[in-house]
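Kindly produce the complete structure, drawing on both the sequences and the hints.
Given next are the chains, with one letter for each unit.
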Amino acid sequence: MIQQYLAELSKIHLLAPQEETDLWHQYKVEGSREARQKIIESYQPLVFKIASQITPLEDLIFDLIQEGTVGLIEAVEHFDVTKAVKFSTYASHRIRGRMIDYLRRHRSNQEYLELAIHQEEIQDILGFIADHSVNVEEEVTYKIIHQQVRLAISRLNPKEQKVICDLYLLDKEPAVSAQEMAISLSYYYKLQKKALQRLRGMLSKLRAEMKASG
Amino acid sequence: MSDMDSGRLLAHIDEAKNWLDKAKEEYKGSNRIRGDLHLNLAQAEVKCAWELSRRSDVTKIDALRQTDQPSWRQRYILPAAAVLLAGMMVGAALYWQWKQSSEMQSDSIAMETEVTETVKSESVVPTVQSQPVASSQVIPEAAVSHPVSVKSETAAVKTAKVEKPAESKVDEKREPSIETPRNPSENIVPVATHAIGGGRVESSSVAGKIQPVSSFVIDEEALTREASKSLRLGK
Numbered sequence: 000m001i002q003q004y005l006a007e008l009s010k011i012h013l014l015a016p017q018e019e020t021d022l023w024h025q026y027k028v029e030g031s032r033e034a035r036q037k038i039i040e041s042y043q044p045l046v047f048k049i050a051s052q053i054t055p056l057e058d059l060i061f062d063l064i065q066e067g068t069v070g071l072i073e074a075v076e077h078f079d080v081t082k083a084v085k086f087s088t089y090a091s092h093r094i095r096g097r098m099i100d101y102l103r104r105h106r107s108n109q110e111y112l113e114l115a116i117h118q119e120e121i122q123d124i125l126g127f128i129a130d131h132s133v134n135v136e137e138e139v140t141y142k143i144i145h146q147q148v149r150l151a152i153s154r155l156n157p158k159e160q161k162v163i164c165d166l167y168l169l170d171k172e173p174a175v176s177a178q179e180m181a182i183s184l185s186y187y188y189k190l191q192k193k194a195l196q197r198l199r200g201m202l203s204k205l206r207a208e209m210k211a212s213g
Numbered sequence: 000m001s002d003m004d005s006g007r008l009l010a011h012i013d014e015a016k017n018w019l020d021k022a023k024e025e026y027k028g029s030n031r032i033r034g035d036l037h038l039n040l041a042q043a044e045v046k047c048a049w050e051l052s053r054r055s056d057v058t059k060i061d062a063l064r065q066t067d068q069p070s071w072r073q074r075y076i077l078p079a080a081a082v083l084l085a086g087m088m089v090g091a092a093l094y095w096q097w098k099q100s101s102e103m104q105s106d107s108i109a110m111e112t113e114v115t116e117t118v119k120s121e122s123v124v125p126t127v128q129s130q131p132v133a134s135s136q137v138i139p140e141a142a143v144s145h146p147v148s149v150k151s152e153t154a155a156v157k158t159a160k161v162e163k164p165a166e167s168k169v170d171e172k173r174e175p176s177i178e179t180p181r182n183p184s185e186n187i188v189p190v191a192t193h194a195i196g197g198g199r200v201e202s203s204s205v206a207g208k209i210q211p212v213s214s215f216v217i218d219e220e221a222l223t224r225e226a227s228k229s230l231r232l233g234k
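Residue numbers (numbering that gives the first Met the number 0), protein chains in the order written: chain A, 0 to 213; chain B, 0 to 234.
If you are wondering where the hints come from, they were derived from the structure by calculation, not from laboratory data. There may be inaccurate statements among the hints.
To be verified - In silico DSS-like links for lysine-lysine, alpha-carbon gap of 27 Å or less:
1. Lys27/A x Lys21/B
2. Lys10/A x Lys171/A
3. Lys189/A x Lys158/A
4. Lys193/A x Lys48/A
5. Lys10/A x Lys27/B
6. Lys161/A x Lys192/A
7. Lys37/A x Lys21/B
8. Lys21/B x Lys10/A
9. Lys37/A x Lys27/B
10. Lys85/A x Lys46/B
11. Lys161/A x Lys193/A
12. Lys48/A x Lys171/A
13. Lys46/B x Lys21/B
14. Lys16/B x Lys10/A
15. Lys10/A x Lys82/A
16. Lys16/B x Lys46/B
17. Lys204/A x Lys189/A
18. Lys23/B x Lys46/B
19. Lys37/A x Lys10/A
20. Lys37/A x Lys23/B
21. Lys171/A x Lys193/A
22. Lys85/A x Lys189/A
23. Lys98/B x Lys16/B
24. Lys48/A x Lys192/A
25. Lys193/A x Lys158/A
26. Lys27/B x Lys46/B
27. Lys23/B x Lys48/A
28. Lys46/B x Lys27/A
29. Lys37/A x Lys228/B
30. Lys16/B x Lys27/A
31. Lys189/A x Lys171/A
32. Lys10/A x Lys48/A
33. Lys48/A x Lys82/A
34. Lys85/A x Lys158/A
35. Lys85/A x Lys142/A
36. Lys48/A x Lys98/B
37. Lys46/B x Lys48/A
38. Lys37/A x Lys27/A
39. Lys46/B x Lys37/A
40. Lys98/B x Lys10/A
Here is the structure:
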């Protein structure tokens, strides 16, 4: 069933940077409802992606998608276009935040809650190295962070390395990546959780420095 | 709910309607998965509207709670007034009690003195009784005590008044008191004198003022009662 949804989501038209800028202007300045709908629709795959990174359980995924969609709508409404933050980064935090809140309310999903929290904590670093649209001023910072993250990832075992690279650098679907590795999806999530835990420890100093520098 | 929140809530409802219309179209066109995606968006809009409405309710309740809660002044003014009132009442009660006790004390002192005087006069009686007294003798004020509070004594005095000779010059209008005689020379009831004299009045001036003893009736019972009462009061 999830595969059907993913197939349908792949048909959704992703916004080009200029098109997105125009849509934000139309929505925030002119108050266009159509622009709002287009933005929300085009970011629906992000909700699915984040939900599928947290759990392989189908029922739970749909619940998380429901919560994540509320987070996406809130992100669209509260996003400040004048700030130098990418909408995808801002929306990811709000979407994952809603999902974490949901998992907290439902104690039976404690295992997935931990995974979601680990993801949230190192999302900035992983998102930073996955983002290729870095400008010239950020080039030096980018290189330093990139080096440190690469070094940390290289310290993981090969399976953990592949999981992290597929999920966060190559944006692969967990099911596809697990199939490539010839392992079960549940084992794949276990590897992901363990790898994130180790990365979190290794990058704690870097995270603190990034927070301090703002 | 503020106007802005109300506007946002209505906008969410409109958007939900819009997504529902789109979902309806997709289901009609047999594109179930796309229909589900739109339905999911409609549900999310409804949830946003619902949360907004609930949040404003919570804010309202919080605001109501804050207004319902009395300020510290309101909270403490009643107990403070109650404590003040209680203090005043206790003070008044203590003052009243003190006043009562001091009054009783003065009363009992007066009574004690009266009793002493009465006892003195009583002790005079047998001494005088044995003396032949001239009918023209005048009863000195200090010699016979007339306490108003002691009824039996008053009665006794009354009896004495009735029986006294016409020449006696007892000032009836005078307040019976513990007064000492105005002129010491007039003080004619020195008990010692009578006792020393072996029951005889030696001084003619004194003897001339003494009333015949037979005319006095002393209520001994009443006197004893009064004496024991004042003793009970500890005075």
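Structure-based check of all given hints:
1. For the hint pairing Lys27/A with Lys21/B, the CA-to-CA distance comes to about 23 Å; that is within 27 Å, so the pair holds.
2. The suggested pairing of Lys10/A with Lys171/A holds, with an alpha-carbon distance near 16 Å, which does not exceed 27 Å.
3. Proximity of Lys189/A to Lys158/A is assessed by CA-CA distance (about 11 Å); at most 27 Å being required, the pair is judged to hold.
4. Between the alpha carbons of Lys193/A and Lys48/A the distance comes to roughly 19 Å, so the proposed pair stays at or under 27 Å and holds.
5. Distance check on the hinted pair: Lys10/A and Lys27/B sit about 19 Å apart at the alpha-carbon level, within 27 Å; holds.
6. A threshold of 27 Å between alpha carbons decides the hint, and for Lys161/A with Lys192/A the separation of about 13 Å falls inside it, so the pair holds.
7. Taking the CA atoms of Lys37/A and Lys21/B, the gap is near 13 Å; set against the 27 Å cutoff, the hint holds.
8. The hinted pair formed by Lys21/B and Lys10/A meets the criterion: a straight-line CA distance of about 17 Å does not exceed 27 Å.
9. Between the alpha carbons of Lys37/A and Lys27/B the distance comes to roughly 21 Å, so the proposed pair stays at or under 27 Å and holds.
10. Distance restraint check for Lys85/A and Lys46/B: the Cα-Cα separation of roughly 26 Å lies within the 27 Å cut-off, and the hinted pair is therefore satisfied.
11. For the hint linking Lys161/A to Lys193/A, the alpha-carbon distance of about 13 Å falls within 27 Å, and the restraint holds.
12. Distance check on the hinted pair: Lys48/A and Lys171/A sit about 9 Å apart at the alpha-carbon level, within 27 Å; holds.
13. Our distance criterion of 27 Å between C-alpha atoms is met by Lys46/B and Lys21/B, whose separation comes to about 18 Å.
14. Note on Lys16/B and Lys10/A: the hinted pairing holds, with a Cα-Cα distance of about 24 Å set against a maximum of 27 Å.
15. Between Lys10/A and Lys82/A, the direct Cα distance comes to roughly 30 Å. Violation of the 27 Å bound is thereby established for this hinted pair.
16. Taking the CA atoms of Lys16/B and Lys46/B, the gap is about 13 Å. The hint holds against a cut of 27 Å.
17. For the hint pairing Lys204/A with Lys189/A, the CA-to-CA distance comes to about 25 Å; that is within 27 Å, so the pair holds.
18. A hinted pair counts as satisfied when its Cα atoms are at most 27 Å apart, and Lys23/B with Lys46/B qualifies at roughly 19 Å.
19. A hinted pair counts as satisfied when its Cα atoms are at most 27 Å apart, and Lys37/A with Lys10/A qualifies at roughly 14 Å.
20. Among the hinted pairs, Lys37/A with Lys23/B is consistent with the structure: their alpha-carbon atoms are about 18 Å apart, no more than 27 Å.
21. Annotation: proposed proximity of Lys171/A to Lys193/A holds, straight-line Cα distance about 18 Å (limit 27 Å).
22. In summary, the hint linking Lys85/A to Lys189/A is not supported, as the alpha carbons are separated by about 30 Å, beyond the 27 Å threshold.
23. The hinted pair formed by Lys98/B and Lys16/B fails the criterion: a straight-line CA distance of about 87 Å is larger than 27 Å.
24. Taking the CA atoms of Lys48/A and Lys192/A, the gap is about 16 Å. The hint holds against a cut of 27 Å.
25. The hinted pair formed by Lys193/A and Lys158/A meets the criterion: a straight-line CA distance of about 11 Å does not exceed 27 Å.
26. This hinted pair checks out: Lys27/B and Lys46/B have alpha carbons roughly 25 Å apart, not beyond 27 Å.
27. Distance hint between Lys23/B and Lys48/A is fulfilled; the C-alpha atoms sit about 26 Å from each other, no more than 27 Å.
28. With a C-alpha separation of about 22 Å, the suggested pairing of Lys46/B with Lys27/A holds against the 27 Å cut-off.
29. Of the supplied pair hints, the one linking Lys37/A and Lys228/B is violated, its CA atoms being roughly 109 Å apart against a limit of 27 Å.
30. For a cut-off of 27 Å, the pair hint linking Lys16/B to Lys27/A stands: about 21 Å separates their Cα positions.
31. Between Lys189/A and Lys171/A, the direct Cα distance comes to roughly 17 Å. Compliance with the 27 Å bound is thereby established for this hinted pair.
32. A hinted pair counts as satisfied when its Cα atoms are at most 27 Å apart, and Lys10/A with Lys48/A qualifies at roughly 15 Å.
33. A C-alpha spacing of about 25 Å is found between Lys48/A and Lys82/A, which places the hinted pair at or below 27 Å, so the restraint holds.
34. For the hint pairing Lys85/A with Lys158/A, the CA-to-CA distance comes to about 31 Å; that exceeds 27 Å, so the pair is violated.
35. With a C-alpha separation of about 20 Å, the suggested pairing of Lys85/A with Lys142/A holds against the 27 Å cut-off.
36. Taking the CA atoms of Lys48/A and Lys98/B, the gap is about 92 Å. The hint is violated against a cut of 27 Å.
37. Only pairs whose Cα atoms come within 27 Å are accepted, and Lys46/B paired with Lys48/A is accepted, the gap being roughly 21 Å.
38. A distance of roughly 13 Å separates the Cα atoms of Lys37/A and Lys27/A; the hinted pair therefore holds under the 27 Å criterion.
39. For the given pair, Lys46/B sits about 20 Å from Lys37/A by alpha-carbon distance, which is consistent with the 27 Å threshold.
40. Taking the CA atoms of Lys98/B and Lys10/A, the gap is near 103 Å; set against the 27 Å cutoff, the hint is violated.
Consistency note: the structure conflicts with the earlier hints numbered 15, 22, 23, 29, 34, 36 and 40.
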